[in-house]
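Please arrange chain B on chain A, whose structure you already have, making use of the hints.
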Amino acid sequence: MLPEGLEGMTMNAMDVDVKEGVDRETVEAVKSLSGTYKHGWSTDIEMEYAPKGLSEDIVRLISEKNEEPEWMLDWRLAAYRRWEKMKEPEWAMVHYPPLDYQDQYYYARPKSMEVKPKSLDEVDPKLLETYKKLGIPLKEQMILAGVEGAENADEGRKVAVDAVFDSVSIGTTFQDELKKAGVIFCSISEAIREHPELVKKYLGTVVPATDNFFATLNSAVFSDGSFVYIPPGVRCPMELSTYFRINAENTGQFERTLIIADRESYVSYLEGCTAPMRDIVQLHAAVVELVLLDDAEIKYSTVQNWFPGDEDGKGGIYNFVTKRADCRGDRSKVMWTQVETGSAVTWKYPSCILRGDDSQGEFYSIAIANNWQQADTGTKMVHLGKRTKSRIVSKGISAGQAQNTYRGLVSMHPKAKDSRNFTQCDSLLIGNKCGAHTVPYIEVRNNSSRVEHEATTSKVDDDQLFYCRSRGMDEEEAVALVVNGFCKEVLQALPMEFAMEAQQLVAISLEGSVG
Amino acid sequence: MSVANPKADTTAARLNALTMPTGGWSEPARRDALTRVQAMGLPHRRDEYWRYTTPDSLNAPEAPSAAVFDDDEAPLFSAHDRLKLVFVDGVFDPAQSDDLSHAGVEIGRLADASDLHWARDLYGVLEARGQVPVARPLAALNTAFATDGVLIRATGTPERPVSLVYLHSDPESDATLHHVIRVEAGASLTVMEHGPAAARLNKVMEVDVADNGAFHHIRAQGRDHERRAVTHMFARLGSESVFKSFTLTVNGVLTRNECVIELTGDDAVAHVAGAAVGDGDFHHDDTVFITHDAMNCESRQVFKKVLRNGATGVFQGKILVKQQAQKTDGYQISQALLLDGDSVFLAKPELEIYADDVACSHGSTTGAIDETALFYLRSRGVPRADAEDLLVLSFLAEAMAEIEDPVIASDLTTRLEGWLARRR
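Chains as they are written, first to last, in my numbering: chain A, 1 to 515; chain B, 1 to 424.
Here chain A stands alone, though its shape is the one from the complex (with noise of 0.2 Å):
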């Protein structure tokens, strides 16, 4: 027992190293985070191959494992047929050696799913492990973790998940308390099967098998993705989200996602994506397509995390994306958030068509390019409709040699009376060997309409980065301090389960970028 005086110091000591305790802690996991990529593992797994290479046969052979009926067959041979023909684009701010597309695996899928399990109970543990591994529980009864609140399953915030693991989708989680409320949530792959009436009427209606190189090849051979339909008046009652992993050496990754979002309707849906370190590259060729209907909204959030090449740019996913919402209906709103950190290449621009009166469109972006990364990313807001608004808010940094691009369009048609743009592009260089690059189209055809353009280019501040120092922070903590302010305004737009991700993800992909 100590005298009264000296027991408070001790306290007040004890926390200090309780405090050091934790803070030790935290800067050991960050370490075990940083520097390496964290989702670099792979999961062991017997997989089931189609022949490498492209061809009718092998569209015809995924068609068939998908058990498709003849229109989409049709539809993706009238896809391949027009992509033999076609070239692919070189007008991106994007250098990598061609690629060949016959020396790729486009069918991929776990023996143990070649007998579609009935439910999640079914699936082989190794594929579930895989999910757990990467904080995705496809459990029902769990909660995505680091979630504040979760302890409690029925008071958490529920997420579903559609697990799509290289070709196929394994699984995919609340469905039966969707149907409840009348929302289809299932790969795409299913909904074919069992909504064929939906796909015909939407499938290819946003993004047209004819629209670009990659597209017209994802059309030619997407294997899976998801699949949702919100019917009208429905607020979804749960985020929904699809998890993207690709894990097969060799493989490219073809999804496609169609969500419709029918009359008055509301869905929130994330969109996570990882794959093991590979020294070859690996393509991943996506289409998302979006429908929204009179007063209908979605909020489509995305974090990139796809294995961008080690620190000498070998190996890594090339991500050729084509995203696109159609705001059909009046008063529909859209918005797209992506923080895209991994991929050794990336060319993506979430798009939407503002074709109803009153409709918006919302694109906050956060592309890092470390090492010898390269994005060219951003957006395209096509104003038809009367009134419609637009935001596009874009932070782009570039650190070590990496080369990041803003390329936006913002057009306003004749008709499209008293609308409104603003968009604000930021670039960040960190180090005197990266670039950053914007390229904005804008396109005014009307004069009641307002449009503003804003961009601007720096590096870290330094009066920023001395005032942390000053505080007692070291470089790198002060550094992905200063860029977690810049990158606010989108981490902001995000929904918290990613929020705390992306957050993580700007100090960890700026790791080493210092000095």
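Quick caveat, the hints were computed from the structure, so don't treat them as lab data.
Hints are not guaranteed to be accurate.
Derived list of chain B stretches under chain A, where covered just means 3 residues or more per stretch with a C-beta under 8 Å from a C-beta of chain A [what the hints assert, rightly or not]:
no., stretch
1, 333 to 339
2, 344 to 353
Once the Cα atoms are required to be at most 25 Å apart in a straight line, the calculated DSS-like pairs of lysine-lysine come out as [what the hints assert, rightly or not]:
no., chain 1, residue 1, chain 2, residue 2
3, A, Lys87, B, Lys7
4, A, Lys126, A, Lys158
5, B, Lys327, A, Lys433
Quantities reported herein were computed from a predicted structural model and do not represent experimental measurements.
Glycine included, every Cβ here is placed at the ideal spot set by N, Cα and C.
Using the frame of chain A, we list chain B on its own:
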């Protein structure tokens, strides 16, 4: 089945209609330029760089005819004490021009080809440098086939500015002018240009500003409407040099003004600005490419356009900051005021940055006239048309403020006010 190649066909048709001037010091440069044109081909509307402006009438073998504009106003800059050089339909006219000898400046004529000339080191050289990374075939075409132009070398600070006056007398005229300007170290020169020049004008100006030199350029593309023009300015700036260019454009069926500037010496300054007022089938394109290749340089682009009755304004501006160009200060603004629902503004304000310690920004806005401001002016008893003119002038003010010489600035502003009033 023959493979259609419109680009090659257009190029061949144009080249067949032209004859290259031979002999003299410029011949090797002309031959090089011809090779460049043949390799690049003339621009095509599918070319990314010509996305917003159709080059067909600039490519055609024959210039589309343009009625000679009956100008009832006093010639521009006539009140200024200047050294006047007059071109009629693209041909130098000594009779109407001042004596070329003037202290501090050495002036020659491109057409007087002799064997040795200082301009040999620059003619086609800056143009060729400006072909990377974006091809500018009409400029190379100009280098190969230019028929006239002036070669100006400033060795000191001439008392009077050089004023190039382009008169138009033949409705079918097609002029190809190529000027070369060298501002020696510490020297300073002001060049003014105005007039339609011809039914169709293809003009190149190569400007080399040595260390501590200063070059000021003021251009007015006036009220004549039917003319077409494609102009290129290629500038290379040495350390601590200053380059300032301002262009006022009112009317013109088709105008494409390209400005390509390379800041190669530390602490150089480049400002490019333009004010354009267009009506009806007016199509005006400002294409600017500024390359920062040295430390601590400043560049500024200010472009304002007022468009009505279906007029089209285009702005393609780019700031390229190379890796070694640290401490760059780059600024770019492009704004359009659309006075009615038929007018169009198309912009592509680009940044390409490879240095980390820079401050670069660009902004672009498009919109209608501010109804509140209009209402305010009208409530003070200003008639609507006058109020609109006032707001147009205030909108253009930021660009007009780029004119350094206060006399020229007030002169051009007064002239602009008159032009606005006459359009009613």
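Against the structure, the hints:
{"no.": "1", "hint": "333 to 339", "in the structure": "holds (count 3)"}
{"no.": "2", "hint": "344 to 353", "in the structure": "holds (count 10)"}
{"no.": "3", "hint": "Lys87/A - Lys7/B", "in the structure": "holds, 20 Å"}
{"no.": "4", "hint": "Lys126/A - Lys158/A", "in the structure": "holds, 23 Å"}
{"no.": "5", "hint": "Lys327/B - Lys433/A", "in the structure": "holds, 15 Å"}
In terms of the numbered hints stated before, the structure departs from none.
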